[in-house]
Amino acid sequence: MSIHATPEYLEALRKSAPMLRVEGLRKSYSTPQGAIPVLCGVDFTLAAGASLALTGESGSGKSTLLHLVGALDDADAGEIFLDGVALTLLSERARAALRREKIGVVFQQFNLIPSLTVAENLGFQARLAGRYDAAWQDELAHRLGLAALAARYPEELSGGQQQRVAIGRALAVRPSLLLADEPTGNLDEATGDNVLALALDLVATTGCAFLMATHSQRLAARLQRRVRLDGGVLAAQ
Amino acid sequence: MNADRPTGSRERLGAAMSRRSALILALSSTSALAQGFGGLGANAPGFKFPQPGTPLVFPKDHGAHPDFRTEWWYVTANLKGTDGASYGVQWTLFRFALEPNSARAGWTDRNVWMAHAAATDAGEHLFAQKFARGGIGLAGVEAAPFRAYIDDWLLETRDDSSGAGIERLRVSAGNGNFAYALDLTATGPIVLQGEGGYSRKSDAGQASYYYSEPFFMTEGSVSIHGRETQVSGRAWMDREWSSQALAADQQGWDWFALHLDGGVKLMLYRMRSVKAAPFFFGNWIDADGATSPLMRDDIAIAPLENMHIADRDTPVRWRVQIKSRGVDVETRPLNPRSWMATEPAYWEGPIFFSGSHKGEGYLEMTGY
Amino acid sequence: MTLLAGLAIATALWSGVQALNAQARNSYDAATAAISGGGGRMLLAARGGLFEQDLFVKLRRAGVEVSPVLEGASRIGDKNIRIVGVEPVSLPRRSPIAHMRKRADILDDFLTGEGRAFASPQTLRRLDLAEGAQPQTERGRRLPPLTALAEAPPGAIVVDIGVAQRLLDRPGKLSRLILADDAALDEARLKRVAGDALRLVAADDDSELARLTDSFHLNLTAFGFLAFLVGLFIVHAAYGLAFEQRLPTLRTLRALGVAAPNLVAAMACEIAAFTFVAGGAGLIGGYAIAQALLPNVARSLESLYGAQISESLTLDARWGLSGLVMAGAGAVLAAASGFAKTMRLPPLSVARPIAWRAAHHRYLRRQAAFATIALVAAICAYDFGKGLASGFAVIGFSLLAAALFLPVALAGFLALSENLAHRPLARWFFADGRQEISGLSLALMALLVALAANIGVGGMVEGFRQTFTRWLDARLVAEVYFEAATPADARDIEAWARGQPDISAILPVWRAKTRIDGWPIEIVGMTAHETYSAHFPLIEATPDVWTALHAQDAVLVSEQLARRLGVGLGSALDIPTSRRDWRARVVGIFPDYGNPKGQLRVDHEELKRYFDDASGVHYGLRVSPDATARFIDNMQRRFDGAIARILDQSELKSMSTEIFERTFAVTAALNTLTLIVSGVALFASLLTLSDMRQARIAPVWALGATRRELAALEMIRVVAFAAGAAILATPLGLFMTWCLVAIVNVAAFGWRLPFQMFPTQWLMVFLIALCAAILAALIPVARLARAAPTELLKVFSNER
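Chains as they are written, first to last, in the working numbering: chain A, 1 to 237; chain B, 1001 to 1368; chain C, 2001 to 2800.
It is possible that some hints are incorrect.
Beta-carbon label-pair distances, calculated as ranges [as the list claims (entries may be wrong)]: (1) A/A86 - C/E2791: 49 to 55 Å; (2) A/D133 - C/T2372: 45 to 51 Å; (3) C/P2520 - B/D1083: 42 to 48 Å; (4) A/E92 - C/M2343: 47 to 53 Å.
EDC-like cross-link-like pairs, simulated, lysine to aspartate or glutamate; straight-line CA separation at most 20 Å [said to hold, decoys possible]: (5) C/K2653 - C/E2462; (6) C/K2058 - C/D2196; (7) C/K2597 - C/E2071; (8) C/K2173 - C/E2052; (9) C/K2794 - A/D83; (10) C/K2173 - B/D1109; (11) C/K2058 - B/D1152; (12) C/K2058 - B/E1142; (13) B/K1080 - B/D1061; (14) C/K2079 - C/D2109; (15) C/K2191 - B/D1152; (16) C/K2513 - C/E2071; (17) C/K2173 - C/D2054; (18) C/K2794 - A/D73; (19) B/K1048 - B/E1099; (20) C/K2058 - B/E1124; (21) B/K1080 - B/D1109; (22) C/K2079 - C/E2114; (23) C/K2794 - A/E57; (24) C/K2794 - A/D76; (25) B/K1323 - B/D1286; (26) B/K1358 - B/D1261; (27) C/K2597 - C/D2626; (28) C/K2058 - B/E1156; (29) B/K1080 - B/D1288; (30) C/K2794 - A/E92; (31) C/K2653 - C/D2473; (32) C/K2513 - C/D2196; (33) C/K2608 - C/E2483; (34) C/K2513 - C/D2169.
Everything labelled a hint here was simulated from the structure, so no lab data went into it.
Beta carbons: idealized from backbone N, C-alpha and C, even for Gly.
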């Protein structure tokens, strides 16, 4: 057995590598008027514990990039490595497993499951991934200010509360990567700031990589790095 | 009747039975027979035909003759009511054999009976018609005591009669709108028409048996729309039977039965043909029953005035002349609308006449 | 689209059934009216059966214008026909047949020579005979040459009255007199002329067929209505969905200042347009359904009631109009809630997130409330009366109650399961299922109703089949049954049969007809024999029933007649006979399934004594079984034309069974159609819901479930729902069977069948429900399983 193959070595390698690496990513959408290129060769990396704000005009491809990184959609070309794993090589089943185990997603519309309680929503992905940790969830609930609302249903919550549940759900699984697509788009400014602060706080605690798409320069400024998506390519800010 | 038109069975029956049609039948040419009326138009084998020199035997011949094809009993009456108004009454029963040997048991009997009845006054002419199959007791004629019936219409010997003839009869008919019941009492003899009842109708040998009783005095009641009036007057009965059919070119006829003041009876008719000039025939019957045939040149009958009745122009006033007898009269109807909308339809009603002679009678007009 | 389809299907089923009923009723009317003309009045024998021709002559001689008719059943080959004797010369002008008077050739032929036998072209086709043919009847009488006459009533052969008397062996007898249009006749005058021998009836009252077949048609109507209801469920569901989808547009329009009444008016116009399009399509479909089912209905009616139905469908404007009205009513009913909501819609409204849970609870409470109301209505209907209508009302309301309760039950079941489930996907499955109930509920309710109807009707039919077969076995004991051509022939055959070694008993089964309370009744004679005393099935009887029956003044009464007359064991019954009323004691009640008429069984000698016109031509023979075939052969060779019909036991049984099968074929067909409609409803609902489903499923998918997993769950859910409906349908169906057996059948036919259960049928229905659900879910689920990620991602798209 070569030294290179020892688990210790692999673990060390993984830690030293970036959590997310995106290389030459291309994506276009076919329309009746022909293919419209959205991403024309996007490259970036994101280390564990780092946070990156993705800005750009409406329709510039922020959501598309997020979906590709979140293993929700397939790229036309290029590769995404998440924790060292190349996404294009994965089967549908493996991608689903990757999504539930390694990725947390927060959407603009929260997308909670209306038929489940706050507590059930919080634990849904973690249970799905088989990584439910009651203590961690309690802590999350507590830190997100949801402890008193555990038995409520999403429709009984305010927008800010719902988004906090969504963030809690995404982090309950202790993901390697947290993706957020305009997480405060449906919230007023104060609530949005508050929610983002909580998210950043928790990201720091878990040490996951955090990629957030937003059109707000003010929110983007609160992350460690910022890139701008324009004409299908990234430009550093 | 318009013979050019294809006729329905019932109309054909009707044509054949219209009383005077037998006369016309007698006049029809054999070639016309060949034109094919179907059953009744042809000389159907199996039926009997009148033979000259056969004496009529009464009362037997008052009854039905099922060996012959057509036969009728026909009564018309000119009446005066106690209310001073004039009335007329018609009672007719026809028999048609559909096949030879028509008298059979029950429903297999092949006679169809038809009857027309009418009551007329100056304002109304009400009529009805009945049909019945023979063989089961709905209709029929028995010779002695004389009894002719169809449903509840009767022409029969009166209870107070002792004889086996037709001297004392009672006639009744009606429907919901009209009714009449008259006693008929003969004041003169039966008149045999033609040669002792053998009435020759054409040179081709067609003929019928034909006798009349034109001398009835009558009284009874007539009810029109529920208004009953006691009436009295004169009546005329005709009897005829034969087996021969109509002419194809025959258009219609105008027939008069006239009671002249003084007791003379006069029978006249004009037959209209689509091909030939009208044909006239008549019989002068003295008050004692003696008859004298009237030659065609002796008779002139012409319409004076038409009226639009039942959608057609019908003559309502006539000039009737018999030169040898000095008769020159004008007739007028009691009711010009004496239209019989029966099957077939024709005009028949009481008339009055004046001029050289005065009197009353009945007029029948067909084919208008 | 679903809306149109639903409305069209509902209208099609309803109008199809209506078309069948109308067709049948028209044919009955035509059968009566073809002779007498519509309306008018007629005279019938006061005691039922035939009367003497003398009465006709008497009436005519009294000036009453009547025309005689003699009708009777006969057979040509193996086809039943009605011989109708008319008298053309006196037929009232209104009679369609009287038109023949206008045609000289026809009338001449009819009344001369051997006459003519008129039959409609359809009847000729059915008999497979050409014009001019002169077939023989079962009595060996030769018909006059057949002639096609369009006006002849269906299934009848019209001959001269005298010919009919000969063909039917009824010299000097008539069955009715038609009064001329203006004939004046009142009861007093009738009594003066004809005594109490005749009774005056309106021609419409006479339609015995209409009376006898009423229950049959009510059955059809009920099923048509059931199908219509199922269709309405679809329409309602589709409209509700469409309404929800356009609610934002409506809000906007209201905000722009459009008045609510204007909106409703516009929507009403739209509904009217829908009604015309869907109603029109429905009418076409209804016509097709009627066309397809008509031959079967016609044969059922013929074999059950001897009714001849014209098989060429003719429909009038009224039928089309009623179909459109039903479609319109259905559409309005379905759209009413939408209209009401629009009227209440505030011009400005905050787009609140839809409070699903609260709405769900409101929805369940409302369903439960309505279910309770329907249940109370069902109970009321049951208490209210025992008639046919109330029977159907009980069934209808309990189906409705169960249907309304179904979502509540499903929600309860899902809530319970959710609590028991641990795996997150399972919990989501149950929780989400509850949310889906309201969307699928109407389709599920329709499925429930259809399944329950299937179980209910299936159980009734199967129960009937078994009872009927057992009963036939007990009832048909004699080995040979024959009908002689004439009573004289019967005597000859009887005399010969006495000398035959193979014969152990000759059982005359003479028949007479009468009427009690206007109801047609057959009276059948029985001799004292082991055939009866050991086998003849009785429901109730006095201990010495057979001795009593043959002693004096005793009768057995058929179950339906006993029920109708309200008589029981020991009751005295006054039976109108040829002479006077005969008072007899009821000593037994016997089942007489399938007989629309009432039946009395009396001692053979008493039958002969009381009924002059008893037809003495029917016989049963006990023959040693192995000699039966040879014996029949012998008998046929020897008597030939003297035998109108001869059958062995098995032939008779198979004939009876065949009639039975046909009777329920239509019911089964409608049942199947109803099930198909509910399947379509389920499919349509799933299809329209599938867009909504994506919004629910996408987040779960995003959180790490595979599409295939989710599709499988979707399928399982639909199947589970259908299974739930099927499980609930079973007790409901059993209840329906009970209602049919204990209320509807008793009211409709007068007999009560034992209540039986058929678990294999339930299993079948259960499987059918699952199959229907799988079929219905297949396309939407497959669509989900193969959905491109982009499809699902649209859910998250911010620019949505």
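> Okay, which hints does this one fail, numbers in order?
Replying inline: 1, 3, 9, 13, 14, 20, 21, 22, 27 and 29
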